[in-house]
Amino acid sequence: MMLRRTLLTLIGSLMLLVSAPALQAAESPEAFVERVSNEILTAIAADPKVQKGDKKAVERLVDEKMMPNVDFLRMTRMAVGPKWRQATPQQRDRLQFLFRETLISVYSGGLSLATDQVVRVLPHGQNDGTEAIVRTGMKSKSDSSKPEVTMVYRLRNIKDKGWQVIDVNVEGVWLVSNYRSQYGNIAAQEGIDGLIRRMEERLKTSSK
Amino acid sequence: MSFSLKHSVLGVTLATSLVGCAVVPPHSGENPADPFETVNRQTHAFNMKLDELILHPLAVNYVEYVPKPVQTGVSNFFQNLGELDNTLNNLLQGKLADGGVSFVRFLVNSTIGVVGIFDVASHWNLAHAPEDFGQTLGKWGVPQGPYIVWPMLGYSTVRDSIGKSVSIAMSPMTYMSEADKEWHWVAWSASGVYLVSERSKLLAADAMLGTALDPYVAIRDAYLQQRLSLVWDGNPPIELPVDEFEDEDYQ
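Protein chains in written order, with the working numbering: chain A, 1 to 208; chain B, 1001 to 1251.
These are computed hints drawn from the structure, not numbers from a lab.
Be a bit skeptical, because a hint or two may be false.
Restricting the straight-line Cα-Cα distance to at most 30 Å, the calculated cross-link-like pairs of lysine-lysine (DSS-like) are [what the hints assert, rightly or not]:
1) A/Lys146 / B/Lys1201
2) B/Lys1049 / B/Lys1164
3) A/Lys146 / A/Lys65
4) B/Lys1164 / A/Lys204
On a predicted model such as this, the values are computed, not experimentally measured, just so you know.
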């Protein structure tokens, strides 16, 4: 009797192990966005340092909760635009690093607003198998009269990884597109090195 | 006469000295949505300076020292003044239910909500459904026209500027100040409070602007994208940049 139970548990956990990656791959874009959003909101709610925009704490949150779900290389090269092709591997690494720093400093400013939010998936999403659009609304738990903030995610189904975020839209504005129209112009006129220099200077002044 | 002339000369001098620093890139005006880019950039620089010197500091202090419930009350009060505009434009767009809701919201909040200070209607499941005439024109298929930055009034397009004048015409405040000269300065101070209250809601966006390499372009594109989204009630046809480096090896 005892042995049978142990065996069953063992088989059960083995099956879990085997099916875990398969489950993840089959996760729908909506389920993926809902799961990740809730994980992030829970982490924000639990950490007053993050809410205050403490740089170390925000960086940890970004690295642990967001980066694994984001295709950051793709986001960076889409933000840089056509000149990406000419960038050396070192320049590409540098651009990714600077774009990450940029997004962290944008993000830090908004975190104090996300202390008691709940996410729900809204209708009118899209999914063609390779790319998906998931629309969500964020609302305050304690004050129902506050307007719902719309956040839309653009996802891509990446081989062996499943769905990953490649762009975010807050209240109608796409993040990557917005940076692309600035970065693209500067890269076209001043080259990749010019763009890198401008990004470095900007980060220095904005983190004062 | 000479008094007002002196004032305008002073105004122009002040404006010129504030604007002195606007950088206009060589490709200015090539974007089809923004043929007046060169002038717009000057006005933008003027507005940003004004914001830095006056509006931003006021908004920071407003958030810091004015109690939260008062801030909410102020915001509700001005939102309520816009409900007639919302009513008209919901109806013009054929959204009869939202038009009715907007009008009932105005009645409920103006009375039970004490001249709009309390948003009672939202707690009664009468959800705020903002629509303006710029969005109505957009829905009717009127093109947005060139992007325009107005001194002090901020970001707009030709279409949205027309919309704004309809909003002003639909605001009860406009008629209060028309009816009685005494109300003039009340209306002006109220507009000032309104500006500070609206600015205080945008303080979180300053971080994004702080990272922008070209804040003018960042604001312009964000404004145009957001208006497009509003015309389509949050669900515009999506035009996103494609990843043109799909062929490259994945690291």
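Could you tell me which of the hints above the structure violates, numbers in ascending order? 4
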